[in-house]
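> Could you build all of it, start to finish, from the sequences and the hints given here?
So the protein sequences, as listed, match chains V and F.
Using this note's numbering, the first residue of the first sequence is number 1, and each one after it goes up by one.
Using this note's numbering, the first residue of the second sequence is number 289, and each one after it goes up by one.
No wet-lab data here; the hints were simulated from the structure.
Where is the CB? At the ideal position from N, CA and C, for every residue including glycine.
Keep in mind that the hints are not guaranteed to be accurate.
Listed below are the simulated DSBU-like cross-link pairs for lysine-lysine, each with C-alpha atoms no more than 35 angstroms apart in a straight line [said to hold, decoys possible]:
| hint | chain 1 | residue 1 | chain 2 | residue 2 |
| --- | --- | --- | --- | --- |
| 1 | V | LYS103 | V | LYS178 |
| 2 | V | LYS178 | F | LYS357 |
| 3 | F | LYS584 | V | LYS178 |
| 4 | V | LYS103 | F | LYS357 |
| 5 | V | LYS178 | F | LYS450 |
| 6 | F | LYS590 | V | LYS103 |
| 7 | F | LYS357 | V | LYS104 |
| 8 | F | LYS408 | F | LYS590 |
| 9 | F | LYS509 | F | LYS584 |
| 10 | V | LYS104 | F | LYS509 |
| 11 | F | LYS584 | V | LYS104 |
Sample of chain F residues facing chain V (criterion: CB under 8 angstroms; computed from the structure) [what the hints assert, rightly or not]:
| hint | residue |
| --- | --- |
| 12 | ILE332 |
| 13 | VAL350 |
| 14 | PHE392 |
| 15 | SER422 |
| 16 | ASN437 |
| 17 | GLY441 |
| 18 | VAL463 |
| 19 | GLU486 |
| 20 | GLY493 |
| 21 | GLY496 |
| 22 | GLN498 |
| 23 | TRP501 |
| 24 | LEU518 |
| 25 | LEU569 |
| 26 | LEU575 |
One side only, chain F facing chain V, incomplete, derived with CB under 10 angstroms [said to hold, decoys possible]:
| hint | residue |
| --- | --- |
| 27 | PHE419 |
| 28 | VAL455 |
| 29 | GLY528 |
Spelled out, the chains give:
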Amino acid sequence: MTTLALGTAPPPKRAPKRVLPGFGLTLGYTLFYLSVIVLVPLSALVFKTFSLTWEQFWAAISAPRVLASYRLTFGASFIAACVNLVFGLLIAWVLVRYQFPGKKVVDALVDLPFALPTAVAGISLTALLAGNGWIGQYLEPMGIQLAFNPNGIVIALIFIGLPFVVRTVQPVLEDTEKELEEAATSLGATRWQIFTQVILPSITPALLTGFAMAFARAVGEYGSVIFIAGNMPMVSEITPLIIIGKLEQYDYAGATAVAVVMLVISFVMLLVINALQAWQRRHAGMPA
Amino acid sequence: MSHVDTASALPTGTPAAATGGHTPPRRRAKAGTTEARWVQWLLIGVALVFLLLFLVLPLAAVFTEALRKGLDAYLAGLREPDAWSAIRLTLITAVIAVPLNLVFGVAAAWAIAKYEFKGKALLTTLIDLPFSISPVVAGLMYVLVFGANGWFGPWLAAHDIKIIFAVPGIVLATVFVTFPFIARELIPLMQAQGNDEEQAAVVLGASGWQTFWHVTLPNIKWGLLYGVILCNARAMGEFGAVSVVSGHIRGQTNTIPLHVEILYNEYQSVAAFAAASLLALLALVTLLIKTVAEWKSEQELKAAAALPPERPNTP
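Have a look at this one:
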């Protein structure tokens, strides 16, 4: 999505010439709107945590049920991001390198998780995987249960994160130089050697960026997961649901404490993604 | 990190330099740069099966479940008053949230893409922030500002203004969640296009507004359209953030996704999927418009590339 534009090179840096009008107006409005919508509410969250003592804060974020939810949220997000790394690369590869009927439709469909509301994804995946669903009815007799347990969470998170990897890798793959592969072939390299030693290194930054984006999105995901998870405490209760649970008991301070933990993780992920994107631009020989 | 060294030793992205100034015509893939036919079909097959299982089946399931008991049951689910009020509220929310973020997106992209200033990288990162914050945390933030015990809670109560558990809270949460969409679409696009055309217009005497309207806007219209429809799809479909601030009052503060949740939890499967099918249709229309917009913008790029160069290319 946003990363599609990475394929096009930004213009060479010029000396700042403020011929164009509107700098003060547009920057001023940007900062005002950013403050009202994002920064003020964000600071409310941070200030609210100061109403807790350190012991209270620590007790809220390290209760066994909350710890279990971190393990589940991060574990499921990591597994889902790994699956998306492999299949996202495969789908991007097939879309860039091969011709097949219906390719345009498939390409458009990859963005479905961006456009389909998460609650809709949640109930429809549940309907598919529950014991009486299209897929569930064949798996249940084999003793495989994919809904109402952590397996379902991983599947929902795979759905949510898939386009991130595909859309980050696709433009980079389109820009890789066939000449390098021809050179490698003429030097006697096999296709597999070329893939692992020529192509893979050049798309590694994009792959990792997509992975980090899918992971970050999965950690905060709520809508698609709660329908399929079963939401059993200690087993299949994700961290955002812990926040909702505390809010429903009017435990605003406790909810805020857990939210701050999630917020810190969001910041870290954002920095990681920024660093990866900078690496990707350097890699592609563009100015950072 | 040996793989990094391998890559940096190879001159990626500089084909012109390697061939002495002029790029050779693009050759079709030939033997050696592509896989055997059976490998190709195997990879295509695995990719398509994965997409079928994870994307096509869930989409098909929405419509099948909605029509499980026939068209009459489907329409009955959409005709109940609560469904109507959910649809109305969803439309109102999108009609307010999308234009707000549109104005912001254009202003932010203009400031960031057209000028150099200190703190630009930080500003760009902050604009991305709502993408990485969990929707539930976003909703909680607004509760802490405007809720009964929040910063402005007592003042709002004294003036009889309701934001949380009311429509304004839903709109605010939606604005937050869809905040970066249009800006993130426009910034790279406007950066890639540079300032030359706008500067020419200004030098020739156009006002700032005329420059934007007649020079910049035609250049960014397809990206802008894509940003707007994606922002709209997310605004109409947002669940987590809206769920925290809505209070789930039937007929009053339920959007379509919240209506879907309530029906689903009450085991009214057909009605839940009927409402969900509206959102699925919206997603399909969004993807269709996106594909058309991409195609149109490619056509225009090709048309522009086909024009004769304005100055000779010196090798």
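> Does each hint hold? Answer for all of them.
Evaluated hints:
Proximity of LYS103 (chain V) to LYS178 (chain V) is assessed by CA-CA distance (about 21 angstroms); at most 35 angstroms being required, the pair is judged to hold. About 54 angstroms separates the Cα atoms of LYS178 (chain V) and LYS357 (chain F), which puts this hinted pair outside 35 angstroms; it is violated. Note on LYS584 (chain F) and LYS178 (chain V): the hinted pairing holds, with a Cα-Cα distance of about 27 angstroms set against a maximum of 35 angstroms. Restraint check for LYS103 (chain V) and LYS357 (chain F): satisfied, since their Cα atoms lie roughly 34 angstroms apart, inside the 35 angstroms limit.
Taking the CA atoms of LYS178 (chain V) and LYS450 (chain F), the gap is near 61 angstroms; set against the 35 angstroms cutoff, the hint is violated. Only pairs whose Cα atoms come within 35 angstroms are accepted, and LYS590 (chain F) paired with LYS103 (chain V) is accepted, the gap being roughly 21 angstroms. Distance restraint check for LYS357 (chain F) and LYS104 (chain V): the Cα-Cα separation of roughly 34 angstroms lies within the 35 angstroms cut-off, and the hinted pair is therefore satisfied. Distance hint between LYS408 (chain F) and LYS590 (chain F) is fulfilled; the C-alpha atoms sit about 32 angstroms from each other, no more than 35 angstroms.
Annotation: proposed proximity of LYS509 (chain F) to LYS584 (chain F) holds, straight-line Cα distance about 10 angstroms (limit 35 angstroms). Restraint check: the Cα-Cα separation between LYS104 (chain V) and LYS509 (chain F) comes to about 22 angstroms, which is no more than 35 angstroms; the hinted pair holds. With a CA separation close to 14 angstroms, the supplied pair LYS584 (chain F) and LYS104 (chain V) stays within the 35 angstroms bound. A distance limit of 8 angstroms between C-beta atoms decides the matter here; for ILE332 (chain F) the minimum to chain V is near 5 angstroms, and the interface restraint holds.
Given hint, VAL350 (chain F) at the interface with chain V, holds; its Cβ is 5 angstroms from that chain's nearest Cβ, closer than 8 angstroms. For PHE392 (chain F), the shortest C-beta to C-beta distance to chain V is roughly 5 angstroms, which falls under 8 angstroms, so the interface hint holds. Below 8 angstroms, beta-carbon pairs count as interface contacts, and SER422 (chain F) has one with chain V at about 3 angstroms; its hint therefore holds. Interface hint status for ASN437 (chain F): upheld, as the beta-carbon distance to the closest one in chain V is roughly 6 angstroms, under 8 angstroms.
Taken as an interface hint, GLY441 (chain F) does not check out: its beta carbon lies about 11 angstroms from the nearest beta carbon of chain V, beyond 8 angstroms. Because the closest C-beta pair between VAL463 (chain F) and chain V is about 6 angstroms apart, less than 8 angstroms, the hint holds. With a least beta-carbon distance of about 5 angstroms to chain V, the hint placing GLU486 (chain F) at the interface is held under the 8 angstroms criterion. The criterion of a C-beta within 8 angstroms of any C-beta in chain V is not met by GLY493 (chain F), whose closest approach is roughly 12 angstroms, and the hint is violated.
Satisfaction of the interface hint for GLY496 (chain F) is found here, the shortest Cβ-Cβ separation to chain V being roughly 4 angstroms, below the 8 angstroms cut-off. Given hint, GLN498 (chain F) at the interface with chain V, is violated; its Cβ is 11 angstroms from that chain's nearest Cβ, farther than 8 angstroms. Interface hint status for TRP501 (chain F): violated, as the beta-carbon distance to the closest one in chain V is roughly 12 angstroms, over 8 angstroms. Look at LEU518 (chain F): its Cβ gets to within about 7 angstroms of chain V, closer than 8 angstroms, so that hint holds up.
Given hint, LEU569 (chain F) at the interface with chain V, is violated; its Cβ is 10 angstroms from that chain's nearest Cβ, farther than 8 angstroms. This hint holds: LEU575 (chain F) has a C-beta 5 angstroms from the nearest C-beta of chain V, less than the 8 angstroms allowed. Interface hint at PHE419 (chain F): satisfied, since its Cβ lies 8 angstroms from the closest Cβ of chain V, which is below the 10 angstroms cut-off. The interface hint given for VAL455 (chain F) is broken, as the beta carbon of that residue sits about 17 angstroms from the closest beta carbon of chain V, more than 10 angstroms.
With a least beta-carbon distance of about 4 angstroms to chain V, the hint placing GLY528 (chain F) at the interface is held under the 10 angstroms criterion.
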